[in-house]
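Sequence lines, in order, name chains A and B.
Numbering-wise (this note's numbering), the first sequence opens with residue 136 and increments by one.
Numbering-wise (this note's numbering), the second sequence opens with residue 136 and increments by one.
In case anyone wonders, no lab produced these hints; they're calculated from the structure.
We treat Cβ as the ideally placed atom computed from N, Cα and C, and that holds for glycine.
Among the hints, a few may not be true.
Unchecked claim - Pairs of lysine to aspartate or glutamate, EDC-like flavour, derived with a Cα cap of 20 Å:
id : chain 1 : residue 1 : chain 2 : residue 2
1  : B       : K264      : A       : E260
2  : A       : K264      : B       : D259
3  : A       : K268      : B       : D259
4  : A       : K264      : B       : E260
5  : B       : K268      : A       : D259
6  : B       : K268      : B       : E212
7  : A       : K174      : B       : E279
8  : A       : K138      : A       : E191
9  : A       : K165      : A       : D192
10 : A       : K268      : A       : E285
11 : A       : K284      : A       : E323
12 : A       : K174      : A       : E191
13 : B       : K264      : A       : D259
14 : B       : K174      : A       : E279
15 : B       : K264      : A       : D256
16 : B       : K138      : B       : E212
17 : A       : K165      : A       : E191
18 : B       : K138      : B       : D176
19 : A       : K264      : B       : D256
What the hints assert, rightly or not - Covered by chain B, per the in silico footprint, the following chain A stretches (three or more residues, Cβ under 8 Å):
id : segment
20 : 188-199
21 : 254-266
22 : 304-312
2 protein chains.
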Amino acid sequence: MLKLHFAPNSRAGRIVWLLEELGLEYEINKMAFHPKDLKSDAHRDRHPLGRVPVLEDGDLVLWESGAIVEYILERFENGGLKPPVDDSRWPKYQQWFHYCEGMVMPPVNTIVVQTILLPPDRRDETALKQAQKLLTRALAPVDEALAGKEYLIGDFSAADVMLGHACFMSNRVGCVTDEMTNLKGYVERIAARPHFQTAITMQ
Amino acid sequence: MLKLHFAPNSRAGRIVWLLEELGLEYEINKMAFHPKDLKSDAHRDRHPLGRVPVLEDGDLVLWESGAIVEYILERFENGGLKPPVDDSRWPKYQQWFHYCEGMVMPPVNTIVVQTILLPPDRRDETALKQAQKLLTRALAPVDEALAGKEYLIGDFSAADVMLGHACFMSNRVGCVTDEMTNLKGYVERIAARPHFQTAITMQ
Chain A
136 MLKLHFAPNS
146 RAGRIVWLLE
156 ELGLEYEINK
166 MAFHPKDLKS
176 DAHRDRHPLG
186 RVPVLEDGDL
196 VLWESGAIVE
206 YILERFENGG
216 LKPPVDDSRW
226 PKYQQWFHYC
236 EGMVMPPVNT
246 IVVQTILLPP
256 DRRDETALKQ
266 AQKLLTRALA
276 PVDEALAGKE
286 YLIGDFSAAD
296 VMLGHACFMS
306 NRVGCVTDEM
316 TNLKGYVERI
326 AARPHFQTAI
336 TMQ
Chain B
136 MLKLHFAPNS
146 RAGRIVWLLE
156 ELGLEYEINK
166 MAFHPKDLKS
176 DAHRDRHPLG
186 RVPVLEDGDL
196 VLWESGAIVE
206 YILERFENGG
216 LKPPVDDSRW
226 PKYQQWFHYC
236 EGMVMPPVNT
246 IVVQTILLPP
256 DRRDETALKQ
266 AQKLLTRALA
276 PVDEALAGKE
286 YLIGDFSAAD
296 VMLGHACFMS
306 NRVGCVTDEM
316 TNLKGYVERI
326 AARPHFQTAI
336 TMQ
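With these hints in hand, go ahead and build the complete structure from the sequences.
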């Protein structure tokens with residue numbers, strides 16, 4: 136059976152969300168988002184940097200949420216969450232899937248580091264402000280693309296599992312502005328999905 | 136015909152490299168890595184943030200190097216650069232493909248911003264040092280994975296087009312240390328590929 140190594144408030148939530156949307160069975164190793172678990176010898180044997188998510192399937196140990204999403208969709212169950220290659224929606228599915236880590240998550244990470252993870256005396260106001268500006272800019276094209284659409288390519292897809300999760304995090308750190316009306320509605324639709332709620336409230 | 140919007144010293148080099156490796160014909164719009172081109176109205180019509188690469192194919196305008204690589208491999212020519220889904224190398228192909236933007240490029244970007252793009256009086260030594268530390272850490276698992284291998288999954292693949300390019304950039308900014316002997320050799324092998332040289336020297 137698939138085994139997911141998980142910590143709350145991390146990209147591991149994407150994988151719980153996907154597995155729940157697809158109705159797949161899985162085991163879960165719930166760790167604290169804390170060095171005592173993530174930097175433990177046991178977890179460093181799975182991922183030398185102590186990151187989550189990690190997916191185990193028999194002898195395979197797989198990192199990177201994007202790769203794990205692909206693995207689950209292609210090897211286990213697609214559930215209509217990834218258009219076929221010849222589908223007209225497939226190129227933009229790919230674009231938004233990659234936009235998540237390429238454009239949105241780097242400033243989200245910096246903001247989390249500069250507002251939560253670092254002790255106050257080591258925080259850097261300039262780095263924080265710069266990341267907030269970058270993130271707001273990176274979200275504008277997503278807001279625009281969502282005009283007249285429920286989800287990124289119309290119907291809900293695994294691109295939403297990646298980028299929708301990143302937009303939810305962006306909203307949580309205060310960077311989805313009131314002017315981004317399409318994006319605000321999108322984050323609300325994501326947050327209202329029962330399987331997303333399961334994932335985001337899991338400890 | 137495929138049309139690539141390009142600027143030197145950017146992720147657009149990945150796409151030139153891939154197109155050359157595959158022997159595909161393409162048009163290219165060579166821009167300067169400068170706001171006069173990248174932030175021009177013409178380019179902002181293609182990508183609202185003025186980023187490269189952008190690929191045009193008829194009416195389709197596609198962003199994100201990872202998505203463009205997928206598009207070329209799946210819709211045009213695979214060239215043996217992506218293992219099939221049931222191949223035992225496919226999961227780690229996916230992992231390293233996504234590791235590029237997930238783990239390696241965020242600190243590379245910060246280092247480039249803090250050493251080249253920002254004027255000296257606006258640079259932040261703390262942010263630079265932190266990014267250098269992060270990048271060195273992120274490269275260690277790549278060095279380890281390359282033990283006894285020429286390329287990330289053995290044979291050259293599109294995972295090398297993504298992560299190999301990022302490792303070349305990491306070496307250029309001084310973060311591939313002498314102790315990372317596998318990674319040093321890998322960067323040399325990448326740099327010696329004729330089609331990589333075409334891409335990296337293109338202005």
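To see whether the hints hold, each was checked on the structure:
1. Pair hint B:K264 plus A:E260 holds up; C-alpha atoms about 16 Å apart against a cutoff of 20 Å.
2. Distance restraint check for A:K264 and B:D259: the Cα-Cα separation of roughly 13 Å lies within the 20 Å cut-off, and the hinted pair is therefore satisfied.
3. Proposed proximity of A:K268 and B:D259 is supported: the alpha carbons are some 17 Å apart, at most 20 Å.
4. As the CA atoms of A:K264 and B:E260 are separated by approximately 16 Å, the hinted pair is consistent with the 20 Å bound.
5. A hinted pair counts as satisfied when its Cα atoms are at most 20 Å apart, and B:K268 with A:D259 qualifies at roughly 17 Å.
6. A C-alpha spacing of about 38 Å is found between B:K268 and B:E212, which places the hinted pair above 20 Å, so the restraint is violated.
7. About 18 Å separates the Cα atoms of A:K174 and B:E279, which keeps this hinted pair within 20 Å; it holds.
8. Among the hinted pairs, A:K138 with A:E191 is consistent with the structure: their alpha-carbon atoms are about 5 Å apart, no more than 20 Å.
9. A hinted pair counts as satisfied when its Cα atoms are at most 20 Å apart, and A:K165 with A:D192 qualifies at roughly 17 Å.
10. Of the supplied pair hints, the one linking A:K268 and A:E285 is violated, its CA atoms being roughly 26 Å apart against a limit of 20 Å.
11. For a cut-off of 20 Å, the pair hint linking A:K284 to A:E323 stands: about 13 Å separates their Cα positions.
12. For the proposed pair A:K174 and A:E191, the alpha carbon gap of about 18 Å is at most 20 Å, so the pair holds.
13. Distance check on the hinted pair: B:K264 and A:D259 sit about 13 Å apart at the alpha-carbon level, within 20 Å; holds.
14. Restraint check for B:K174 and A:E279: the C-alpha separation of about 18 Å stays at or below 20 Å, so the hint holds.
15. Taking the CA atoms of B:K264 and A:D256, the gap is near 17 Å; set against the 20 Å cutoff, the hint holds.
16. Among the hinted pairs, B:K138 with B:E212 is consistent with the structure: their alpha-carbon atoms are about 16 Å apart, no more than 20 Å.
17. For the hint pairing A:K165 with A:E191, the CA-to-CA distance comes to about 14 Å; that is within 20 Å, so the pair holds.
18. Between the alpha carbons of B:K138 and B:D176 the distance comes to roughly 18 Å, so the proposed pair stays at or under 20 Å and holds.
19. Taking the CA atoms of A:K264 and B:D256, the gap is about 17 Å. The hint holds against a cut of 20 Å.
20. A stretch counts as covered by a chain when three or more of its residues have a beta carbon under 8 Å from one of that chain; for the segment 188-199 of chain A and chain B the count is 4, and the coverage holds.
21. Residues of the segment 254-266 of chain A lying with their CB closer than 8 Å to a CB of chain B number 3, which satisfies the three-residue condition for coverage.
22. With a cut-off of 8 Å between beta carbons, the segment 304-312 of chain A has 0 residues touching chain B; three or more are needed, and the interface restraint is violated.
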